[in-house]
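Residue strings, one per chain:
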Amino acid sequence: MKILVPISVVPDTTSKIAFTDGDTKFNEDGIQWIVNPYDEWYALVRALEITEKDGGTVTVISVGDATAEPVIRKALALGATDAVRVDTKPTESYVVAKELANYAKDKGFDLILLGKETISYNGSEVGGMMAEFLGFPFISLASKLDANGGVATLDRSTETGTEVVEVKLPAVISAAKGMAEQRIPNMRGIMAARTKPLTVVPASGVQGKTSTVKFGLPAAKSSLKLVDPENMDELVRLLHEEAKSI
Amino acid sequence: MAEDRYQHHDYYLIDELLTDEHKLIRDTARAWVKKEVSPIIEDYAQRAQFPRHLLQGLGEIGAFGPYIPQEYGGPGLDQISYGILMQELERCDSGLRSTASVQSSLVMFPIFSYATEAQKQKWLPRLATGELLGCFGLTEPDHGSDPSSMVTNFKDAGDHVILNGAKMWISNAPYADIAVVWAKDEQGVIRGMVVERGMEGFTTPETHGKWSLRASATGELVFDNVKVPKSNLFPDIRGLKGPLSCLNSARYGIAWGALGAALDCYDTALRYSKERIQFGRPIGGFQLQQKKLAEMITEITKAQLLVWRLGVLKNEHRATPQQISMAKRNNVEIALRTAREARQMLGGMGITGEYPIMRHMMNLESVVTYEGTHDIHLLITGMDVTGFNAFI
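Order-wise, the sequence lines are chains Z and H. Counted from 1, the first sequence has number 85 at position 85 by the working numbering; the numbering is strictly sequential. Counted from 1, the second sequence has number 515 at position 269 by the working numbering; the numbering is strictly sequential.
Calculated from the structure, these hints are not laboratory results. Mixed in with the good hints, there may be bad ones.
Each pair of labels, with its calculated beta carbon distance range [claimed, not checked]: (1) G633/H with E28/Z: 45 to 55 Å; (2) K520/H with E159/Z: 51 to 61 Å; (3) K487/H with V201/Z: 46 to 56 Å.
The following residues of chain Z were derived to be distant from chain H, with all beta-carbon distances above 10 Å [what the hints assert, rightly or not]: (4) A18; (5) E69; (6) R73; (7) E125; (8) D146; (9) M187; (10) V236; (11) I246.
These numbers were taken from a predicted model, which means no experiment stands behind them. Note that the Cβ used here is the ideal one computed from N, Cα and C, for glycine as well.
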C-alpha cells in the first residue's frame, strides 16, 4: 500500500503565544517547532504499522519553507520511507490543501492519512478540502483503521457513540486519538533519517482567499473561588449564574 | 513522584550552536526518559533496586557507546551527541546516567580503543544494544585516587593468566556480564583484560546501604585465582594511560550529566516558586528566592557553554584531560549547589520523593567523588597552571 501522510509543523505545546504586526501575525521568535501531534502520533504511526505488516511505503509531505525540514526529519526518523516539502509558506488551509492535492494527484497513493486537526489553528479543514480537490471520499475522526485489499474499515468515534465505516480506496482519512500509540524514534531511525530522501518541490502558486484581520488571546482565567463544602446552594448558584455551565 | 513536567532552559540560546540532529537526539532521549523512566525512578531509588529492564531502551536511544562506529554496532555519533544523551539521562537520575557512562566510556571505549578486532566484534555490538552489561575495575579498597599502587595482579600460565585481587565501588558490577579489569603483570606493568561472568573464582558481591545512586547497582569484583584466557587481554596498551583515557571520556560525559541534574533541580524550583503561595503571593516574587533562582540559571548557563565548547574541542581531538577535569569539577559543583538551594526553596516538600531534588542531591554526593574527586580535579588544574605537582 502506498500511503501519503501530510504533516503540519506547529509550535510546541509549551510555547508562549504572542502576535506581531498589529496582531495579524503569530510571533515566531523563540518558538520550538514540532510535528503536529495528531499527524504524528496517530496518522503517521498507524501508516507505519499498516506498511510494516503488509508492506508498502509511507511518504510524509509538508507545505512549508526550509525551517520545516528538521521537523520533517523527525517523521523520517520515526520510519517514513521518504519525505516531500512543498516550498511555500502555509498561509491558510486552502493553500495547503490545494498544494498537497496538486502534488498527490498523479502519484497513485492508495490512502491519504492525516491528523484530525492541527494544534495550532485547529481548522480541521485540510483533509476535506484535499479530498474534494482529488475527487476522493473523506472520512473524518477515525479512531481505528484497518486497510487491505483496496478497502479501509474504520471506527468513527463521536460524542454519542461509534460508527463503523467501510470505504473503497483511495480515500482521505483524518485520524483521531486512539488510532495508534505515540512512538519515540530510536537511534537506528535517527541514523537512517540522515540518508532518506527529502525532496523539495516548488509550490504550484496557489493563491490564498482569506487574510487574518486580527488575532487575540483568550480572556485571562478569572480568579479561583472557594466554596464552603457545606454550602452547596452557593456552588450551584455560581455554576449557573457565573460559570453558566449548568 | 509527581508528573515529569520538565522543560529545557536555554538562557543564552545555546541551541543555536547545536545541529538539528543534536536536537532530535535530545528530544528523543527526553521523550523516552519521560515515558519509561520518570514514572518509575523514584520507586526504584527508594527500594534501592536497579531498573534492569531499561537496558534495552537505553540501547535503542543510543546511550550505549554513542560515539562507537556503526561497524561495531554503535551509532557513530559525535561527542556533543554523547554529552547531550548523558545530560538527558542524568536530568532524570545520576544512577541511570552512571549505568550508561560506565557501559560507554569505561567498557566500550577501552574495547574499541585497545582490543583486537576479534574482541571488538565479540563484545561491542551486544554492549551497544544492552544485551550485555559491562563494568570497569580500576579502584581498589586501598587504592582510590592513587590507582598506580593497585595490588590486583596476574601471572602467566601458558594459554591463560591467573588473576588475583579485588576491585571496589564498581558501578554495574552485580549485574555485569563482563568486566574490563586493570591489573599488574609479573613485572608490575598495568594491563587491561575482559573478565567474563561465569569464570571460576570471579564473584561480584553487591554494596548495600548506599544513600546515593540507589537506582544504580554498585559492587565489588573479587578475583580468586581466576583463569582468564590470554585472548581476553588487550594486546598493546600498557600502564595507567589505558584506564586514564577511559576516565577522560567518562568525566567528559559526567560534566554534561551533572548539568542535567542541575537543570532538573532549577526547573523544579522555578515552577514551584511560581505555584507556591505564601503571604498571599507566589514565593518566586520574593527577593531571596529570586536570588537563588538567578544564581542557579547564571551558573547553569556558564556550565552549558563550558561543555558545549569542550564538546567542540573533543570532536576536534583537542580537549586536554586538564580541560575535562575543569568541566567535571565545575559542573558537579554547580549541580550540587543548585540542588541544595532548590531543596531549600521547596521547604519540606523538597525532602520528599514527590520531587526529584533530594534524590539528585544525594546522587551528586557520589558524582562529586567518583571519576576523580573534587579535590583531585582541583589539583590537576593547579598543576596544569603552575607546573608544580601538589599530589605528593
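Against chain H, does D146/Z keep a CB gap of more than 10 Å to every residue? At about 26 Å from chain H, D146/Z clears the 10 Å cut-off, so the statement holds.
At 10 Å, judged by beta carbons, does E69/Z keep clear of chain H as stated?
With a cut-off of 10 Å, E69/Z comes too close to chain H, as the shortest Cβ separation is near 7 Å.
- Message: Using Cβ atoms and 10 Å as the threshold, tell me whether E125/Z really stays out of contact range of chain H.
- Response: holds (28 Å)
### Message
Can you tell me whether the CB distance of K487/H to V201/Z sits inside 46 to 56 Å?
### Response
holds (55 Å)
| query | Any Cβ of chain H at or closer than 10 Å to V236/Z, or is the non-interface label fine? | reply | Per Cβ check, V236/Z is outside 10 Å of chain H; nearest 28 Å; holds.
* With respect to the beta-carbon atoms only, verify the hint that K520/H and E159/Z lie 51 to 61 Å apart. => violated (35 Å)
Mind verifying the non-interface call on A18/Z? Its CB should be farther than 10 Å from each CB in chain H. Holds, since 17 Å exceeds 10 Å.
| Per the stated criterion, does the least C-beta distance between M187/Z and chain H lie above 10 Å, as a non-interface residue requires? | violated (3 Å)
Review point. Regarding the assertion that R73/Z does not contact chain H, is the least Cβ-Cβ distance greater than 10 Å?
Key: violated (6 Å)
Evaluate the given range 45 to 55 Å for the C-beta pair formed by G633/H and E28/Z. holds (52 Å)
Exercise. I246/Z clear of chain H by more than 10 Å, beta carbon to beta carbon?
Worked result: Non-interface label stands for I246/Z: nearest chain H Cβ at 29 Å, farther than 10 Å.
Going down the numbered hints, you'll see the structure goes against 2, 5, 6 and 9, while the others check out.
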